[in-house]
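Now for the letters of each chain:
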Amino acid sequence: MTGVLGRLDAWWYEPAPARRLALLRIFVGGWTYSQVAFRPPFYLKSAAYQDGLFEPMGMYRYLGGPMPTWLLYALFGLFVVSGAGLVLGYRYRVTAPIAAVLLTAILTYRNSWGMIFHHENAMLLHFIVLALAPSAADALSLDARRRGASEPPPDDGRYGWPIKLMITVVALTYLLAGIAKIFGATGSEWWQGEVVRNWVAHDSLRKMVLGSSASTVIRFLYPHTWFFTAVAVGTIIVELGAPVALINQKLRYLVAFAAFSMHWSIWLIMRITFPYHLFGIVYLCFFPVEKIWDRVVAWAWPSNGATATSTKPAG
Amino acid sequence: MSSQKPYSYVVGSLVVLAILLPLAQYSKATPVDSFPLSYYPMFTKPRPDVSVIPRVAGFDAEGREIAIPMVLLGSERMNQARRLVSRAVAKGHDPSLKLCRKIAKRLAGSNDPELRSVRELRVLKSRYSAKTYLGGDTEPMAQKTVLACPVRRGGNQG
Chain V
0 MTGVLGRLDA WWYEPAPARR LALLRIFVGG WTYSQVAFRP PFYLKSAAYQ
50 DGLFEPMGMY RYLGGPMPTW LLYALFGLFV VSGAGLVLGY RYRVTAPIAA
100 VLLTAILTYR NSWGMIFHHE NAMLLHFIVL ALAPSAADAL SLDARRRGAS
150 EPPPDDGRYG WPIKLMITVV ALTYLLAGIA KIFGATGSEW WQGEVVRNWV
200 AHDSLRKMVL GSSASTVIRF LYPHTWFFTA VAVGTIIVEL GAPVALINQK
250 LRYLVAFAAF SMHWSIWLIM RITFPYHLFG IVYLCFFPVE KIWDRVVAWA
300 WPSNGATATS TKPAG
Chain F
0 MSSQKPYSYV VGSLVVLAIL LPLAQYSKAT PVDSFPLSYY PMFTKPRPDV
50 SVIPRVAGFD AEGREIAIPM VLLGSERMNQ ARRLVSRAVA KGHDPSLKLC
100 RKIAKRLAGS NDPELRSVRE LRVLKSRYSA KTYLGGDTEP MAQKTVLACP
150 VRRGGNQG
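Those sequence lines, one after another, are chains V and F.
For what it's worth, numbering that gives the first Met the number 0 labels the leading residue of the first sequence as 0, then goes sequentially.
For what it's worth, numbering that gives the first Met the number 0 labels the leading residue of the second sequence as 0, then goes sequentially.
These are calculated hints, taken from the structure and not from any lab test.
Wrong hints could be hidden among the right ones.
In silico DSSO-like cross-links for lysine-lysine, where the CA-CA straight-line distance does not exceed 27 Å [as the list claims (entries may be wrong)]:
1) V:249 with V:290
2) F:104 with F:90
3) F:44 with F:124
4) F:90 with F:143
5) F:44 with F:90
6) F:143 with F:130
7) F:104 with F:130
8) F:27 with V:206
9) V:206 with F:4
10) F:90 with F:124
11) V:206 with F:104
12) V:290 with F:4
13) F:90 with F:27
14) F:4 with F:27
15) F:44 with F:143
16) F:124 with V:206
17) F:124 with F:104
18) F:143 with F:124
19) F:44 with V:206
20) F:44 with F:130
21) V:290 with F:124
22) F:97 with F:143
23) F:104 with V:290
24) F:97 with F:124
With these hints in hand, go ahead and build the complete structure from the sequences.
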């Protein structure tokens, strides 16, 4: 392959360390698993509360109504088991796809009760990508241990493409959010600040009236439209600019920093919590996580000495 | 060519196409959001300064208002609880009454001492100006009681 397709192929299938993908499996998969498996009330109790207000999303649009409670509990229980298989890398090619299907069913069901939790989209999509990566358990897994592998396999494209796809997922979701602001109901007015200010004020008002946690910063910021203009322009630049993360490693760091800062700013002003983004889990795929892990291990346990097996980040 | 490469292209193409699929909503007169594939329309609709907020409030025997915790409304999450009330009100009297009675039943079973004096729940539509409210005047500009339902402890909620 030559030319543009050749470059695209080289980019997509660029060799990466097995440990990088394995650590993403552990950290990203582990985060998602803990968010769901360790918080059953969020996914079981609330759904049982609200019969009559079922607004089916995704796959549930094709079903007649809410699923029986026993079925939801069964799906949840099966996810707890299969999800552990994904995180630990046990019988990965069987447990991981099952866990991804079950997680999609559980999260879509939770989002079918009058409220879409947009912070769960990227989390679920990343989980699905990891589950569809057959080599994500080639290192740091029970499967690798069972095979008796003492050393991680050499760098290979099969460890690189799932990471590239995870980065693409992040870039595209931000791009879509940016497009919605430009082509949405307010169009070009979104840039001008007043739309953002009214949204922030409206959101804060609802939270204050309904007794939820609201930031009081809005009381001071409200009269300063220029501030909201800056917020609107910054948001559009970050969201529409996110795909530059696909170009190279430096731009990846820049996008991760800008988007991470944006989510924390949103939290400070609006108290909107995107845990997957606020804790930086969504951006882990932007970084050579195995190197960071080795440094953390070397710092925490200096006598053990971390064993870095690869130093070249996927470009 | 590595054996996983064709597979990677199939999976990658399908995932990218799936993520971009919601862009088709822009061709529709009434776009509909979904999960997990969304076109991310959050904060894109214009919001006026004045808005009507459907809510559920408790009242004691003297008519004093007592705030009802969101978890009793049906969700620990503010936005979800808010939508539950808004949609019940939008759907009319019967869904609103059903929700009111359900909340009253949960409240009757609650051990929260601050809620013991609640005798009645009211589904309200309160009109607020964000500018006025954030300026310090937190009283609604206007308020309409959609319906009310009693809180019966140790008995039938009807």
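Any hints from earlier that this structure breaks? Give me their numbers in increasing order, please. 7, 8, 9, 14, 21 and 23
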